[in-house]
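In case you want the letters, here they are:
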Amino acid sequence: MGLNKFQIAKRISKELKDGDYVNLGIGIPTLIANYIRKDISVILQSENGLLGMGPFPNKNKIDPDMINAGKETITTLSGSALFSSAESFGMIRRGRVNLTVLGAMEVSQAGDIANWKIPGKMVKGMGGAMDLVASAKNIIVAMMHTNKKGHSKLLKKCTLPITGLNCIKKVVTNLAVIDIENNMFVLKEHAPGVSIEEIVEATEGELKISESVCEMDLS
Amino acid sequence: MGLNKFQIAKRISKELKDGDYVNLGIGIPTLIANYIRKDISVILQSENGLLGMGPFPNKNKIDPDMINAGKETITTLSGSALFSSAESFGMIRRGRVNLTVLGAMEVSQAGDIANWKIPGKMVKGMGGAMDLVASAKNIIVAMMHTNKKGHSKLLKKCTLPITGLNCIKKVVTNLAVIDIENNMFVLKEHAPGVSIEEIVEATEGELKISESVCEMDLS
Amino acid sequence: MNKLYKNGLDAIFDIKDHSTIMLGGFGLCGIPENLISALVTKKTKGLTCISNNAGVDDFGIGLLLKTRQVKKMISSYVGENAEFEKQLLSGELEVELIPQGTLAERCRAAGAGIPGFYTPAGVGTEVAEGKEVKVFNGKKHLLELAFESDFAFVKAWKGDALGNLIYRGTARNFNPMMAAAGKITIVEVEELVPVGELDPNIIHTPSIYVDRIFKGENYEKRIEKITTQ
Amino acid sequence: MNKLYKNGLDAIFDIKDHSTIMLGGFGLCGIPENLISALVTKKTKGLTCISNNAGVDDFGIGLLLKTRQVKKMISSYVGENAEFEKQLLSGELEVELIPQGTLAERCRAAGAGIPGFYTPAGVGTEVAEGKEVKVFNGKKHLLELAFESDFAFVKAWKGDALGNLIYRGTARNFNPMMAAAGKITIVEVEELVPVGELDPNIIHTPSIYVDRIFKGENYEKRIEKITTQ
Numbered sequence: 002m003g004l005n006k007f008q009i010a011k012r013i014s015k016e017l018k019d020g021d022y023v024n025l026g027i028g029i030p031t032l033i034a035n036y037i038r039k040d041i042s043v044i045l046q047s048e049n050g051l052l053g054m055g056p057f058p059n060k061n062k063i064d065p066d067m068i069n070a071g072k073e074t075i076t077t078l079s080g081s082a083l084f085s086s087a088e089s090f091g092m093i094r095r096g097r098v099n100l101t102v103l104g105a106m107e108v109s110q111a112g113d114i115a116n117w118k119i120p121g122k123m124v125k126g127m128g129g130a131m132d133l134v135a136s137a138k139n140i141i142v143a144m145m146h147t148n149k150k151g152h153s154k155l156l157k158k159c160t161l162p163i164t165g166l167n168c169i170k171k172v173v174t175n176l177a178v179i180d181i182e183n184n185m186f187v188l189k190e191h192a193p194g195v196s197i198e199e200i201v202e203a204t205e206g207e208l209k210i211s212e213s214v215c216e217m218d219l220s
Numbered sequence: 002m003g004l005n006k007f008q009i010a011k012r013i014s015k016e017l018k019d020g021d022y023v024n025l026g027i028g029i030p031t032l033i034a035n036y037i038r039k040d041i042s043v044i045l046q047s048e049n050g051l052l053g054m055g056p057f058p059n060k061n062k063i064d065p066d067m068i069n070a071g072k073e074t075i076t077t078l079s080g081s082a083l084f085s086s087a088e089s090f091g092m093i094r095r096g097r098v099n100l101t102v103l104g105a106m107e108v109s110q111a112g113d114i115a116n117w118k119i120p121g122k123m124v125k126g127m128g129g130a131m132d133l134v135a136s137a138k139n140i141i142v143a144m145m146h147t148n149k150k151g152h153s154k155l156l157k158k159c160t161l162p163i164t165g166l167n168c169i170k171k172v173v174t175n176l177a178v179i180d181i182e183n184n185m186f187v188l189k190e191h192a193p194g195v196s197i198e199e200i201v202e203a204t205e206g207e208l209k210i211s212e213s214v215c216e217m218d219l220s
Numbered sequence: 109m110n111k112l113y114k115n116g117l118d119a120i121f122d123i124k125d126h127s128t129i130m131l132g133g134f135g136l137c138g139i140p141e142n143l144i145s146a147l148v149t150k151k152t153k154g155l156t157c158i159s160n161n162a163g164v165d166d167f168g169i170g171l172l173l174k175t176r177q178v179k180k181m182i183s184s185y186v187g188e189n190a191e192f193e194k195q196l197l198s199g200e201l202e203v204e205l206i207p208q209g210t211l212a213e214r215c216r217a218a219g220a221g222i223p224g225f226y227t228p229a230g231v232g233t234e235v236a237e238g239k240e241v242k243v244f245n246g247k248k249h250l251l252e253l254a255f256e257s258d259f260a261f262v263k264a265w266k267g268d269a270l271g272n273l274i275y276r277g278t279a280r281n282f283n284p285m286m287a288a289a290g291k292i293t294i295v296e297v298e299e300l301v302p303v304g305e306l307d308p309n310i311i312h313t314p315s316i317y318v319d320r321i322f323k324g325e326n327y328e329k330r331i332e333k334i335t336t337q
Numbered sequence: 109m110n111k112l113y114k115n116g117l118d119a120i121f122d123i124k125d126h127s128t129i130m131l132g133g134f135g136l137c138g139i140p141e142n143l144i145s146a147l148v149t150k151k152t153k154g155l156t157c158i159s160n161n162a163g164v165d166d167f168g169i170g171l172l173l174k175t176r177q178v179k180k181m182i183s184s185y186v187g188e189n190a191e192f193e194k195q196l197l198s199g200e201l202e203v204e205l206i207p208q209g210t211l212a213e214r215c216r217a218a219g220a221g222i223p224g225f226y227t228p229a230g231v232g233t234e235v236a237e238g239k240e241v242k243v244f245n246g247k248k249h250l251l252e253l254a255f256e257s258d259f260a261f262v263k264a265w266k267g268d269a270l271g272n273l274i275y276r277g278t279a280r281n282f283n284p285m286m287a288a289a290g291k292i293t294i295v296e297v298e299e300l301v302p303v304g305e306l307d308p309n310i311i312h313t314p315s316i317y318v319d320r321i322f323k324g325e326n327y328e329k330r331i332e333k334i335t336t337q
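Chains as they are written, first to last, in the working numbering: chain W, 2 to 220; chain A, 2 to 220; chain P, 109 to 337; chain D, 109 to 337.
Hints listed in this document are in silico derivations from the structure and should not be mistaken for laboratory results. Please note: incorrect hints may appear among the correct ones.
Unchecked claim - Derived pair list, reagent style SDA-like, types lysine to any residue, alpha-carbon separation capped at 20 angstroms:
{"id": "1", "chain 1": "W", "residue 1": "60", "chain 2": "P", "residue 2": "331"}
{"id": "2", "chain 1": "A", "residue 1": "118", "chain 2": "D", "residue 2": "195"}
{"id": "3", "chain 1": "A", "residue 1": "62", "chain 2": "D", "residue 2": "195"}
{"id": "4", "chain 1": "A", "residue 1": "118", "chain 2": "D", "residue 2": "177"}
{"id": "5", "chain 1": "A", "residue 1": "39", "chain 2": "P", "residue 2": "331"}
{"id": "6", "chain 1": "W", "residue 1": "18", "chain 2": "D", "residue 2": "110"}
{"id": "7", "chain 1": "P", "residue 1": "179", "chain 2": "P", "residue 2": "156"}
{"id": "8", "chain 1": "A", "residue 1": "118", "chain 2": "D", "residue 2": "196"}
{"id": "9", "chain 1": "D", "residue 1": "333", "chain 2": "A", "residue 2": "40"}
{"id": "10", "chain 1": "P", "residue 1": "111", "chain 2": "A", "residue 2": "76"}
{"id": "11", "chain 1": "W", "residue 1": "62", "chain 2": "P", "residue 2": "333"}
Given the structure is predicted, the values throughout are model-derived calculations rather than measurements.
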């Protein structure tokens, strides 16, 4: 129902502004790179130590010393810079990364996010997620509105161990674009073919319908 | 009486060991570079951001981008490295600089040092001295035994505002080599032609005479 | 003074069981392959390893897990390793998970003589448990401490006999901070160049931090996820 | 997005009286000559300057002292400046003296989003007055805070229009940390090179920290103490 992951990525790509330095998490966020408008310049940060990340390499250009934070081989663009992990998280904590897009397991109406641990399952670790959510000024969560069991991932309170408190401002799901304001979800846009009632139904947390609610522009 | 500043520098040069990274302060300490034994390799650190400092340049090799911590033009040796002030004081605090030689206005028998401020006079600042004395594992003070008024600079307690506490292990003056052990000055060597009585006389702090006290080797 | 060693085994001659070792690398990128092999050969046991990741089953730190030489991993992300998971679930292996930026900064702090610092990462999460919280500019921060380690194992691209180092690409990652942080820092390089060949202005790790250096052999530089267009 | 400005005056168009500015440089080495001149021309007043030194009477920050544009200096060493001394003694100028390593680290902390850290420098001295003391490994340390500043004025050797920078020699000094720390970071370079010309592996300051950049003119690069063999 609603958008597929590529369409979610496409919708989020519209949030990028000329000159933005952007960190894209693993999964749906990574796909956003494919939809960046050609008329703006956006520089991608990879937290393992690179600014100016380019596309995946051609087969004959694979370099084991050049990977992204998802451990995939990548290339660099003209004007890129390489640096240490300390410098990388320095610029993240400093707030110099303008936009961070992350996946999540749960988001609460207070802007809390849980995306690193499921009790009872093998815990792989938080990687850089806790640093990113603690410091980024502008964080968008990209995720499906409900989990595999059909339960809402937009909650009054997170039930899973949290990654960060009061840090999420916007959530883009397969159903909707939702802002978080004053401890409440605010429905800003609905996916084409998805009714507001369906979104209300799929949202466990308090959802206010914005007066200006409209259909997502996926052009 | 006793040694001149060049001889003090020469005596201290004998404390340098092969492979040492050494920071030499302004004044007498700087002169030590001229007396380093040819059969050992010593790397000089300049806290404004250089390891592997060489001699002053020839007139035609002056480079305004290449100065030492005393703001004098200098050269670099083969194998040198340049870095920021943060990195420079990082390696100092980390204790990676093996030996630091500083001038002082006063040293106490507890190993306290005062070398940055005289009340009532224009205060120029501590520069890097407080960082150096707080972190260096091995600090030698190079100074005259008495001040211009003839008062001892080796005191029970410092009278001037201090630069650091319990940090000095050895003092080399125009009269003597004195170690600081268990809150006491210990006379290890006397300058040629200087009697132990003269040193006792010129030392206000408690001075123990080492059983192995001998004449300085200035060869 | 000689910092030059023949190979990994030569360079870790004095390592003891139950040592704490920092190992550079992100995933399998920029890991000290030769030093890890040397540890396997030497059979050093009970190790505490500080490294962003724990390798894969048959490469990187995974090799040390297989031989049960690791007692504890301190990492930010430890997926992609079945052996790891098995030992963790059986209680053989201890794991301490740390946010990646905090991990990097705790290494950097150790190398810069800063015993503790404040960071916002982890506030309000499990990571904050037992840690001092202080408010700066109205925002909560956690006190985090510099790591203590007996050895740092570092992989660089080029280095000279004095220990000046240059890293390459994203293989830099944790290596420079660990090089500065190690009580004894041991470096393997792909290329050992004559002293004076590296431009002093572009050296990433100045020689002062390096205790031992050797030219590594047979670099596999395995890629975890080959991804092409 | 354009970061490129015509000159110093153009780049400081929005600076206001009573701003706090970080200025790179050690002595007269690596100072932002063009930006200092621009401030003199603009007559911006009541400035708080964070810089390791205060220049000499007729160069560097000394130029701003002469025109009485500086309210407060935060430095580690302020000798070699008669005008400075005069204003200090008359009470016109405030001075805060900070150990050089602490000054460097407070800039670095600001640029790395670390609001506070502990250092042993200054324990038991006047510098410790009013500061929190904490013991780590049996040794006392002071809590020091990241600097807040409105602008950072940085001088680099080469830079591109995105803001990637390389410094030269000991002119690097405080510039990289200040570049990262500035709320608005303005950079003057000796050489503006095309984007892509700088090797990504040897960039000292990545573009992300830089808000404005311009090619400086008429560098004097005065030497404070010409010393030859």
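Here's how the hints hold up against the structure:
1. W:60 to P:331: Since the Cα atoms of residue 60 of chain W and residue 331 of chain P sit roughly 13 angstroms apart, the hinted pair holds (cutoff 20 angstroms).
2. A:118 to D:195: Roughly 19 angstroms between the alpha carbons, so the hint for residue 118 of chain A and residue 195 of chain D holds.
3. A:62 to D:195: Between residue 62 of chain A and residue 195 of chain D the Cα gap is close to 37 angstroms, so the pair fails against 20 angstroms, i.e. violated.
4. A:118 to D:177: Violated. Residue 118 of chain A to residue 177 of chain D sits at ~27 angstroms, over the 20 angstroms cutoff.
5. A:39 to P:331: violated (48 angstroms)
6. W:18 to D:110: Between residue 18 of chain W and residue 110 of chain D the Cα gap is close to 13 angstroms, so the pair holds against 20 angstroms.
7. P:179 to P:156: holds (6 angstroms)
8. A:118 to D:196: holds (15 angstroms)
9. D:333 to A:40: Violated - the C-alpha atoms of residue 40 of chain A and residue 333 of chain D are around 31 angstroms apart, more than 20 angstroms.
10. P:111 to A:76: Between residue 111 of chain P and residue 76 of chain A the Cα gap is close to 25 angstroms, so the pair fails against 20 angstroms, i.e. violated.
11. W:62 to P:333: Measuring from Cα to Cα gives roughly 14 angstroms; hence the hint holds.
The structure is inconsistent with the numbered hints 3, 4, 5, 9, 10, although it conforms to all the rest.
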